[in-house]
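**Student:** Listed below, chain by chain, are the residues.
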Amino acid sequence: MAERRDELLPGTLDVMVLKVLSSGSLHGYAVANRIQVLSEDVLRVEEGSLYPALHRMERRGWISSSWGRSESNRRAKFYRLTRTGRRRLGEQVAAWERLATGVGRVLAAPFRVRPA
Amino acid sequence: MSILERLGLYATRPDGRARAEIETDIRDELEMHVAERAAAIAATGVTEEDARHQAEALFGSVDTVYARCRATQLGERIMLQRINFAILLLALVALAGVVWRAEQVTTDRDAAFADLQERIASLQDDVRDVPPLQPVLAGTASGQLVRVPMVGQLGSLPRRASPSAKVYVLGKVDRPGSVEWHNRLTLLMALAECGGASEFASLSKVRIIRNKRVVREVNVTEIMRTGKGDIELEKGDRVHVPESFF
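So the sequences go chain by chain: A and B.
Numbering (the working numbering) for the first sequence: 1 to 116.
Numbering (the working numbering) for the second sequence: 1 to 246.
Excised from the complex, chain A in its bound form (with noise of 0.2 Å):
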């Protein structure tokens, strides 16, 4: 478990969220826990703010809906990656390599940080 716990930065979530249902479908509870997992713990959510994110996603139509149940037996509501929402994957994806290389590179400018 790490020391600190990051906030997310804006837009993030997104890609997070479609990153994880592209494995298959999960509802939103399962969807927070393979997010935590994955970021080995890294990544502060506040677990409600994923709920409105899953439904203006679906809104969008990257994702579609039906009610199941749980493993615990709790009637609860499925998310799957739609085709659209897996090209969005994709091209949020390389939205997102493209920013980190950038910043990346900025910071591993060769010289040194003076400690404040």
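Among the hints, a few may not be true.
Claimed, not checked - Where chain B lies over chain A, by a calculated footprint (3+ residues, C-beta under 8 Å):
(1) 20–32
(2) 73–82
To be verified - Beta-carbon label-pair distances, calculated as ranges:
(3) B:A94 to A:L38: 53 to 61 Å
(4) B:T44 to A:R98: 40 to 48 Å
(5) B:G97 to A:E91: 46 to 54 Å
(6) A:N73 to B:L89: 44 to 52 Å
(7) A:L38 to B:T44: 18 to 26 Å
(8) B:T64 to A:E91: 24 to 32 Å
(9) B:I78 to A:G24: 44 to 52 Å
(10) A:N73 to B:H53: 18 to 26 Å
(11) B:T44 to A:V106: 40 to 48 Å
(12) A:N73 to B:L88: 41 to 49 Å
(13) A:R98 to B:L90: 47 to 55 Å
(14) A:G24 to B:T44: 23 to 31 Å
What the hints contain is simulated information worked out from the structure, not anything from laboratory work.
This one's a predicted model, so the numbers in the text were calculated from it and none came from an experiment.
Don't be surprised by glycine CBs; every beta carbon is placed ideally from N, CA and C.
Given chain A, put chain B in place with the hints provided.
**Tutor:** Structure of chain B alone, referenced to chain A:
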């Protein structure tokens, strides 16, 4: 989020189900998450009550999340509701305006009509024998013109004596009968209009009857001899020329 999404417009069609059903689904979905999390926390040995509190704290404000999800799912409806309300409001304002204006026009028209009636009535007091106001058709078959007499013209029509403004000459005149009265009509003039005295007339005792009484007995021979003393007649006077027995 785009401007369209802010207005509640998304790429997919809105959920067509009843609003209450959609709202229940959102509530259920959020509750499921908190319940699952609480159960997971409780499994580590925490009391159920504490587990529930911790789960809620991790989730954040359920009401805020619910409101955002609801706005996303019902966005179109909320927007349409606002548009409907605005249209209804505008329609009401427009209707009120139309009603108000119609009342004004009616009031104006009624006032104008009353004014017109008054003017016609006052003109009709003065004017006699004027044909009733009627549109007059004139012109050729190809282009007929409709001429409507203007009320304003009535004032300039010639005034005629009232039909009742007459003087009646009876007795020994050539043509007994009525004579049109005017305000300078004299006894001699009235007699002249009736062709003058007949053969056996007694011109020395001509009577003027007014309001059922003999008001004068006039010697017309004397007036004709001297040229003086001719009498002005009044409306409705009766002039009687008696027969001479000599």
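**Student:** Against this structure, judge whether each hint is valid.
**Tutor:** Evaluation of the provided hints:
Coverage of the stretch 20–32 of chain A by chain B holds. Counting CB-CB distances below 8 Å, 4 residues qualify, and the rule asks for three or more. Note: the stretch 73–82 of chain A has 4 residues with beta-carbon separation from chain B under 8 Å; the three-residue rule is met and the coverage holds. Separation of B:A94 from A:L38 is about 59 Å and conforms to the stated range, judged on CB atoms against 53 to 61 Å. A C-beta distance of roughly 41 Å is found between B:T44 and A:R98, which places it inside the suggested range of 40 to 48 Å.
At about 53 Å, the CB distance of B:G97 to A:E91 agrees with the hint of 46 to 54 Å. The supplied range of 44 to 52 Å is met by A:N73 and B:L89, whose beta-carbon atoms lie about 50 Å from each other. A hinted range of 18 to 26 Å holds for the C-beta pair A:L38 and B:T44, which are about 21 Å apart. In this structure the supplied range 24 to 32 Å holds for B:T64 paired with A:E91, their Cβ-Cβ distance being about 30 Å.
Range check, B:I78 to A:G24: about 33 Å between beta-carbon atoms, so the 44 to 52 Å window is missed. Taken as a hint, the range 18 to 26 Å holds for the pair A:N73 and B:H53, whose Cβ atoms sit roughly 24 Å apart. The hinted window of 40 to 48 Å between B:T44 and A:V106 holds, with their beta carbons roughly 42 Å apart. Between A:N73 and B:L88, the C-beta spacing of about 47 Å keeps the proposed range 41 to 49 Å intact.
The beta-carbon spacing between A:R98 and B:L90, approximately 49 Å, falls within the hinted interval of 47 to 55 Å. Take A:G24 and B:T44: their Cβ atoms lie about 27 Å apart, and the range 23 to 31 Å holds.
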